[in-house]
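Residue numbers (the working numbering), protein chains in the order written: chain A, 6 to 222; chain B, 60 to 294.
You can trust all of the hints, since none of them are fake.
If you want a taste of the chain A side facing chain B, the calculated C-beta under 7 Å gives, among others:
hint, residue
1, A50
2, Y61
3, G62
4, Y65
5, R66
6, G90
7, E149
8, S177
9, Q178
10, L203
11, L207
Pairs of lysine to aspartate or glutamate residues, derived as EDC-like cross-links and limited to a Cα-Cα distance of at most 20 Å, are as follows:
hint, chain 1, residue 1, chain 2, residue 2
12, B, K244, B, D261
13, A, K98, A, D34
14, A, K98, B, D96
15, A, K98, A, E205
16, A, K98, B, E92
17, A, K98, A, E149
18, B, K231, B, D277
19, A, K98, B, E103
20, B, K244, B, D277
Honestly, the hints are just simulated from the structure, not real lab data.
Cβ atoms here follow ideal geometry from the backbone N, Cα and C, with glycine treated the same way.
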Amino acid sequence: MSYALDTVVALPAPPIPWSMRKHLAHLSDEALVALVARGDETAFAELYDRIGRVAYGLAYRVLRDDRLAEDAVQEGFLAAWRTAGAFRAERAKASTWVLTLVHRRAVDLVRREERRRAEPLDESAREAAAVERGTDEAAWLRFERERVQAALQQLPDAQREAIELAYYGGFSQAELAERLGVPLGTIKSRMFAGLARLRELLDDAEQEGSWRPEFTS
Amino acid sequence: METGIHELTAAYALDALEADERLAFEEHLRDCERCRDELASFLEVSSALAVAATGPEPRAELRERILAEAGSERQNVVPLQSRRPWLAPAMGVAAAVAAVVAIALGVYAFSLSGDLDDARSALDRQEQAAAVLADPSAQTVALQSGDGRLVVGDDGQAVLVLDTVDPAPAGKTYAVWIVEGAAPKPAGLFDGTTGRDVVPVDGAVTPGAVVAVTLERDGGVDVPTTQPFVASQPV
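Next up, chain B with everything else stripped away, as it sits in the complex (with noise of 0.2 Å):
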């Protein structure tokens, strides 16, 4: 019913959809602005609601470690182990549906910001990569160097999901290499984002496999020219 999806503005600003309601929802705040609108005024809203919660008070430590870990990532452009372990991928339909929650929240980022032309082309490959990171048969394969995942469908066709790759600098661009035998495949571009990168993976990735990431000059090359900074687990 057409006024169905508008009532989700209060679901959605109380965190109450579920994760493959909220991406629809997202589509649909894309084109109404009347919900942008209500959306930005319910949110504000439930953080008045934030600040009625009651709770002990946060340890001192806790103040320490985000601030430690926000300047790793400042220094090191290129993380080299897994900074969160026990939110290391699960296996399966659990780690799909994970993921597909962290698109959500990327694109949802977006249009609370406003960007709504980079959250349209940013949704257009997400929802190629959603169609993966929702087959509740795809394998999800850990990195051996960087933060995130790779997820890999029967198919495959598979995505990598990147939580702390910054946007490559001017005049550079990421390149994805798919590394079987002697010379690595290339496998597509992408520039990065200063939030969860969701890059779907041009090529097919079979078993055995390595999926790797170098920085390279704008245009890509055919072969890489630098080191690795994130590489899979063979599949």
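Okay, chain A solo, but in the shape it has when bound (with noise of 0.2 Å):
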């Protein structure tokens, strides 16, 4: 049970320079996260950078506080950082790693802290994040969260409501299942045929097989 020793005892890193921070810029997040085991923090901010925005816009929009939201996100960056030794390059991305990460604490805060969550189908509150999220966002970003909109909006209603409110809302499927007034059996199936189906329409609509550009700044 000893994964990368060397990150144990490791000395502090020499200062990189700026010119060597731009050379992670060509690395896949796969890439970033071998440096991060080995305690490289300059890729660990590199990783931040890439993946921090929307760590934070997901932990949002499920805690719907921003103290909590940032917690949500320093515990599950921290988790990474503390357990990239372990992280399995063909098991999963980087990216769906970290983003794991943060949603589970997410939703860990949401249910510990007994909020009531807000309706996530609130399309007022979707808007007005959407304005404030400003006009430098990056243009991937803008596509790919259309694309996942949409996709969402082919689903049957009652499996996009049992996904929507699961995932965005923190709702375990017991909770679900009283909320909605339907057997438990039957928020497992819309669960897993939502999902299923949703796999099938991103796949369809996969452009170039990846949600991230080589080049995010």
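Using the hints, build the complex out of the two chains.
Structure representation (structure tokens):
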């Protein structure tokens, strides 16, 4: 059970000149995580710069609170920092892994806080948030968001509702069954069928195989 | 029903399981390649949902906070105070549940990473710990040094949950001690992981005792040879 022993007693990394940082822009997310596993703080910063904004948007959507969203993002990224040595690129994309860690923290926090979550389907909140994002948002991010939202709209209403309430609202399947007044088995089936359908829709619409371009800035 | 547990892959990928359901599913994952494959592809879908989420921009301070925290963990193997006071252990049931969730995450990280043998041995050890952590009457004791908490059941069975202890250096191991009166009693060894460590304490922890951790040579020692870098408040 000892991963990456070299990270334990790592000496402070020598300062990396800015020109080296530019270098990292050419690396894949997965290569960055490999560097992070060796205690490379610059690679960790680059990883945050690539994924932090999406991670925060996600955490905020779940928690609807600045401070809690920040806590979730911080906890998720530090979990990535501590466990990068165990990450295996053949099992998942690095961005998926980090976002999964952040989402798990966000859901745990929303349940721990017993915050009664606002209705995730609230269009006005969605629009207000979109306005706040301003105009400097990366084109790929806007494109990808529209692609996923279009796919979501093609799901049957009941499936979309189950997925959105679970993923964005942080509701457990048991809470959803109670809230929607349907049997637990029905909720499970809606989630499963909905995710499977979404996977198909996203595969069909997949452009060039990746949601993130090689260069982010 | 046989299909039931497989179907939970979707709920798991959406984080829609309660803590106990997560644990059960993670146990299932160890033995079910089909579910692991399904989960991998469902997690790609849920991360697409993450990208589609809308929210405001993070403050620049968040970036600095995260990078500073990562940097300080690297340089100080021995954290002297809790870095996350807002997550300081609540008492009783809530803390026990949170600790079980933490275990789930640890095991989850392994299952996603494919290190299943490690996950298996970790899980066996953690299952013992889970019984203490899940005990609603268990008492949560803060640490006076170190980052984490000590959870003590009614019968003195105890578990140390350590958030930021890195793996022990080569040739070294961590030793747990129960300190009451003059002589610390050896209470088990562990190597540490890059993630959260959940360490069952070997031996009963009685009221007034302190649980401490030192870094020792491989194989352990009868009496501590270094200063503890983790110590609980008196139970």
